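**Student:** Sequence:
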Amino acid sequence: MDTVIARLGKPHGIKGEFTVEVRTDRPEDRLTPGTSFATDPDIGALTLKSARWHRDRLLLAFDEVPDRNRAEEIRNTLILAEQDEEDEDPDAWYLDDLIGLKVYEDDVLVGEIVDVTNGVAQDLLHMKHTLGHEVLIPFVTEIVPEVDIEAGRLEVTPPAGLFDAE
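One gets the working numbering by counting positions in the sequence shown from 1 and adding 152 to each.
The set of hints was computed from the structure by calculation and includes no laboratory data.
This structure is a prediction, so every number in the text was calculated from the model and none was measured.
Treat each hint with caution, since some may be false.
To be verified - In silico lysine to any residue, SDA-like type, Cα no more than 25 Å apart, as pairs:
id, residue 1, residue 2
1, Lys254, Leu211
2, Lys280, Glu234
3, Lys201, Gly186
4, Lys167, Asp154
5, Lys254, Asp267
6, Lys201, Leu211
7, Lys201, Ala213
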């Protein structure tokens, strides 16, 4: 089974490099030059030419992307890799598994996870509140003590004011 490990962002420079949204907790192991990746949408395999950090952003270049024009064409493509059996941790979830989960506070439905931002310190869950506004929830045990992928839900204990509309 393939899993999303990165999303290609905006091009960087004129030589076909991308900024990327990293969706793996081990980019140094998963994103190594010479590795070929499947893509979604399927634009054919991409072979990683280089990976380097620029400030706090990871930049990737692929053999099949010679310039900025091609990089613009395939922006937002998802980079896929095979799921490692040894990586399976019962207390870990793939970011894509969290999207669509119903969010409950004291068994009352308060929203649904619509996106996840992979952060340096922690991930942020983007929740569409039942009242219509979006809420960013830090994905930490103190605020999200329970995640049940099979039941399609997560329980939250938000600090005061977190769910207030701006």
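**Student:** All hints, please: hold or fail.
**Tutor:** Cross-check of the supplied hints:
{"no.": "1", "hint": "Lys254 with Leu211", "in the structure": "violated, 34 Å"}
{"no.": "2", "hint": "Lys280 with Glu234", "in the structure": "violated, 30 Å"}
{"no.": "3", "hint": "Lys201 with Gly186", "in the structure": "holds, 6 Å"}
{"no.": "4", "hint": "Lys167 with Asp154", "in the structure": "violated, 28 Å"}
{"no.": "5", "hint": "Lys254 with Asp267", "in the structure": "holds, 12 Å"}
{"no.": "6", "hint": "Lys201 with Leu211", "in the structure": "holds, 11 Å"}
{"no.": "7", "hint": "Lys201 with Ala213", "in the structure": "holds, 5 Å"}
Comparing the model with each numbered hint stated earlier shows that hints 1, 2, 4 do not hold.
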